[in-house]
Amino acid sequence: MSGRWPILAGGLAVVVLAPLALVVFVALAVIGASPAMGCTLSPTSASPGATHGPDWSGQGSWTSEQVGNAAVIVSVGAELRVPPYGWEIAVATAMQESTLRNPGHLGADNDHDSLGLFQQRPSQGWGTPEQILEPRYAARKFYERLIKVDGWQTMPLTRAAQAVQRSAFPDAYAKWQPEAQQLVALISDGMNIICTSDGGDGLPPLDDAGVPDGFRLPTDPQLRAVVSFALAQRGKPYVWGAEGPDSYDCSGLMMAAWAQGRVQIPRVTADQVHTGVAVPSLAAMQPGDLIFIPGSDGTMRRPGHVGMYIGTDRDGRQYLIQAPKTGDVVRVVRVSSWSRQVARIRRPLAE
1 MSGRWPILAG GLAVVVLAPL ALVVFVALAV IGASPAMGCT LSPTSASPGA THGPDWSGQG
61 SWTSEQVGNA AVIVSVGAEL RVPPYGWEIA VATAMQESTL RNPGHLGADN DHDSLGLFQQ
121 RPSQGWGTPE QILEPRYAAR KFYERLIKVD GWQTMPLTRA AQAVQRSAFP DAYAKWQPEA
181 QQLVALISDG MNIICTSDGG DGLPPLDDAG VPDGFRLPTD PQLRAVVSFA LAQRGKPYVW
241 GAEGPDSYDC SGLMMAAWAQ GRVQIPRVTA DQVHTGVAVP SLAAMQPGDL IFIPGSDGTM
301 RRPGHVGMYI GTDRDGRQYL IQAPKTGDVV RVVRVSSWSR QVARIRRPLA E
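Okay, so the sequence shown: first residue is 1 according to our numbering, each after it adds one.
These aren't lab readings, by the way, just hints derived from the structure by calculation.
Take the hints with a grain of salt, since some may be wrong.
Per label pair, the in silico range of CB-to-CB distance [claimed, not checked]: (1) Ser336 x Leu217: 37 to 47 Å; (2) Ser336 x His274: 24 to 34 Å; (3) Ser281 x Pro178: 21 to 31 Å; (4) Gln131 x Gly241: 34 to 44 Å; (5) Val277 x Pro122: 46 to 56 Å.
Heads up, the beta-carbon is just placed ideally off N, CA and C, and yes, glycines get one too.
Hey, can you work out the whole structure from these sequences and the hints?
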């Protein structure tokens, strides 16, 4: 739910510039979809007049200029409180459209009147040529259109990017996703960006399925205590940061339930995703396992929302319990409503 993110490149840690020691809260007009989300970042990147923020070194095949342009995209997204998955979509889009360069008019080589990092066109209402060639403006306009795409936070990256760009090559964005994830993680650390949010599930409202027909509590005493406690919290409101007994957020419910099984797990989703042991598939789950999805402010690499598997109904359909989002209550839903976006499954273990 908050904290620093790991930086990986091809599975290896990479060295980045030391982040600036001071941070400020960015208090700008926001367009993001998460009203309880806020980010802190370094003063240089927070300045509205900044273009490239810190001096970036080249990373892999990306030059310092290209990394600097990606840093502009990330910092604007953070300022606008767009969840981090949006930053990855934006950076991957710019990788495809301009290779993270900011080209002006290229004469005969121009694709119509496309300009800048995202190849935005003045003739299609993106702005004047001068505006589009200003990286911060171009990034903001991209995000403004992205968040108007219904359900973008749970879409595959290439679909979300295409919904904004309407490219003649709609599948081209997907190939950039791994590199965009790595570059966003690198920049987030280099700018010392730390985000917190309400940790919501990012899904349309789901009805409470109730205790499934034919459902039985686990026979194992420890798992029985964990699952029965979680079920007893149904109907209690979601409140960000709450750990019970009258309200919960997603990870607070998981921690409280597993405490009934005498297992202490970390408090926040970002740490719970590393607890215990990995479960390889939905089919391999047992009651009490924690299921992680990106949620409203995370990604598949850094999921931001968690629920608990409780078991099946008489027909073998799987169910989970979760605290969904602000304005909602603890409820039981089918695992199938999450199955296309499951990032991790973990099984807490007693020490």
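Hints and how they fare:
{"no.": "1", "hint": "Ser336 x Leu217: 37 to 47 Å", "verdict": "violated, 21 Å"}
{"no.": "2", "hint": "Ser336 x His274: 24 to 34 Å", "verdict": "holds, 26 Å"}
{"no.": "3", "hint": "Ser281 x Pro178: 21 to 31 Å", "verdict": "holds, 22 Å"}
{"no.": "4", "hint": "Gln131 x Gly241: 34 to 44 Å", "verdict": "holds, 40 Å"}
{"no.": "5", "hint": "Val277 x Pro122: 46 to 56 Å", "verdict": "holds, 54 Å"}
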